[in-house]
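Chemist: Sequence:
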Amino acid sequence: MFLRKALWSVACSGLVSCLCFPGLAHAQNTAVTEPADTASAEIIVTAQRRTQSIQDVPIAISAIGADTLEDRGIVSLVDLQGVVPGVNISGSSGANGSNMVSIRGIVAQPVPLGTSQPTAVYLDGVYLPKPDGAFFGLQDVERIEVLRGPQGTLYGRNATAGAINIITRAPTDRPEGKLDASYGNFNAVSVGGYLMGGLAEHLTASFSGSYNDRD
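The sequence shown begins at 226 in the working numbering and counts up one residue at a time.
Please keep in mind that the hints were generated in silico from the structure rather than gathered at the bench.
The reader is advised that the hints may include incorrect statements.
Unchecked claim - As a list, the in silico SDA-like pairs of lysine to any residue whose alpha-carbon atoms are at most 25 Å apart:
| id | residue 1 | residue 2 |
| --- | --- | --- |
| 1 | K355 | L424 |
| 2 | K403 | A413 |
| 3 | K355 | T385 |
| 4 | K403 | N437 |
| 5 | K403 | R297 |
| 6 | K355 | P375 |
| 7 | K403 | A291 |
| 8 | K403 | L424 |
All chains, full assembly: derive it from the sequences and hints.
Modeler: Spelled out as structure tokens, the structure:
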């Protein structure tokens, strides 16, 4: 009898404690589950032909923004192979030489000009039949999206290995520009930059270019 009364007393005490401090318990749970402020770190991509958060894209994708491109010294697509997993870029010399992009080990053999490769490369939504057309300075690039794995549903038959989307900066009314230059061994010279701004009312434009040479 005594034991039953003791257990009943403990149960009542626990119930009273919960009733007296519901706000405290709720506040503690709220503090634990409240999401952190990560809006500024959200990465937006257009890999599926529409604007999405990279977290909502069911594709193996890597997105490299302009700040990362600059911080890691990425000045050409060739430099992606040291940043994006599964990507390798090589070149072949000679009259029929060309740059070859390999994703997850899928790469075409050295092919003559005009022959497609298994990695689709897009510049602002426009397909580049030869990836050589994308090997330019990246000074005015907003981000690069690399999609690994077959992407034929969205990007057609030339995306067996994957796809690379290059998105340039949208021109603004405010004048803006950048110029990079470097000099290295064997008289290697590299110059690139961009200039954008308003030309007239409701008319903006952006110009970019690059030059590379070495002995």
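Chemist: Run through the hints listed earlier and report the numbers of any the structure violates, in increasing order.
Modeler: Of the numbered hints, just 1 does not hold.
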